[in-house]
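First to last, the sequence lines map onto chains X and B. Under the working numbering, the first residue of the first sequence carries the number 1, and numbering increases by one thereafter. Under the working numbering, the first residue of the second sequence carries the number 1, and numbering increases by one thereafter.
Relax, there's no trap hidden among the hints.
Taking CB as the label site, the calculated pair distances span:
1) X/L5 / B/D156: 55 to 65 Å
2) B/E90 / X/D105: 21 to 31 Å
3) X/K175 / B/T129: 14 to 24 Å
4) X/P97 / B/K143: 37 to 47 Å
5) X/T66 / B/A183: 42 to 52 Å
6) B/Q47 / X/R60: 36 to 46 Å
Cut-off 25 Å, straight-line C-alpha distance, at most; resulting in silico cross-link-like pairs (DSS-like, lysine-lysine):
7) B/K180 / X/K175
8) B/K29 / X/K34
9) X/K43 / B/K37
10) B/K111 / X/K153
11) X/K31 / X/K153
12) X/K173 / B/K143
13) B/K37 / X/K23
14) B/K119 / X/K112
15) B/K97 / B/K62
16) X/K151 / X/K62
17) X/K102 / B/K119
18) B/K37 / X/K34
19) B/K111 / B/K62
20) B/K97 / B/K142
21) X/K31 / B/K29
22) B/K85 / X/K102
23) B/K54 / X/K112
24) B/K119 / X/K31
25) X/K34 / B/K119
26) B/K111 / X/K112
27) X/K62 / X/K153
28) X/K31 / B/K37
29) X/K102 / X/K43
30) B/K142 / X/K175
31) B/K180 / X/K173
32) X/K3 / B/K7
33) B/K142 / X/K173
34) X/K173 / B/K97
35) B/K54 / B/K158
36) X/K112 / B/K37
37) B/K180 / X/K124
38) X/K153 / B/K119
39) B/K119 / X/K43
40) X/K23 / B/K29
Calculated directly from the structure, the hints in this document are not laboratory data. Ideal placement from N, C-alpha and C gives every residue a C-beta, glycine not left out.
Below are the chains, spelled out letter by letter.
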Amino acid sequence: MKKYLFIVSLVLVFCFTIACQDKTARAELDKATKQSQIEEQNKAVVRQFFEAIDAQNFARMKELLTPDFILHYSGPQEDVSGEALMQMVRGYYTAFPDGIHKFEDILAVGNKVVNRALWEGTQKTEFQGIPATGIRVSFYQIGISTVVGGKIKECWVVEDNLGMMTQLGMELKPKAPAK
Amino acid sequence: MKKSMRKGSVLALSGLVLCLCFSIACQDKEAQSELEKFRAQAALEQQNMALVTKVFDELNKKNTGVYQELYAPDYGWHFPSNNPKGLTREEEEGFSKMLWAGFPDMRYDLKEMVARGDKVMVRFVTGGTHTGEYQGLPPTGKKIEASGMWIGQVTDGKIVDAKEDFDVLGWMQQLGMELKPIAAKTK
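This is chain X alone, in the form it adopts within the complex (with noise of 0.2 Å):
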């Protein structure tokens, strides 16, 4: 009878140090699992944003950007709030009407969301000095976004900007001497 009794105790010591390490094994790996959700879930929040700019949807932009959102922009351009970048989206599909993103890349890390698309739009009124082309241009750009709590808070993008001029008919040429 002590002979059972021994061996049904080592048994469940037995099970006691598997079912500890399924335990570390499984909070690991349910981390890991949230956290792919998570990224997931970033991901649809900045695709969605650029559809609500492809939309010209300025209330769902308001929703998935924070207040204190800040854009940094390739170019001399200072750092942008989420009003100015509604004010630069406006100009944009003000002279590009039909202006859309076509994502090929995107990627998610922890609370950053990568992402690389083309931009094709055609020019159907002035911009930036340019008087309308009818031209569709097509360039890529490649943002980085910090995601928080469903919203975006920071973005830095990176466009060709240069090839969107160009595509415009414009070229660089040295600046005149001032006068």
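For this one, chain X is given, so just place chain B on it according to the hints.
Using the frame of chain X, we list chain B on its own:
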């Protein structure tokens, strides 16, 4: 009789406990293998980031050997990133040499790096002093900088593909260039 019944129940109990053990161990195995996958992925991403860090470090030392050593022979550099025909690693080397001639102190400052799967993304600022000829522009002595984004793809420890966008317009404007309508088309 009583004794053998007790013996029987002890046996049944140990059988049950064993079953429980196996079922837990089985779950554990599944969780373990899934966890191993996550860990292997994370380890690979760390290796890929180390590779990309090394590439930019070596470029900052103007070590052109890096192109042969760390880039795959069929590497393609898509710059700007809509360039469908990627430049070869030899062409990228030529491009770097052209930049270094114009900006001998040029360097990449890596601001942010993230890796997922076989992709590594870098946000960088490039800067330098324009003390040599660059794209037909005589040296201006200007210190300039601009930012870029780079998404590389790594296979077996080599960079096989890179998509890059850079604030070329900002870079050229700092050198005293400006956008003008193309003369040939307007006249």
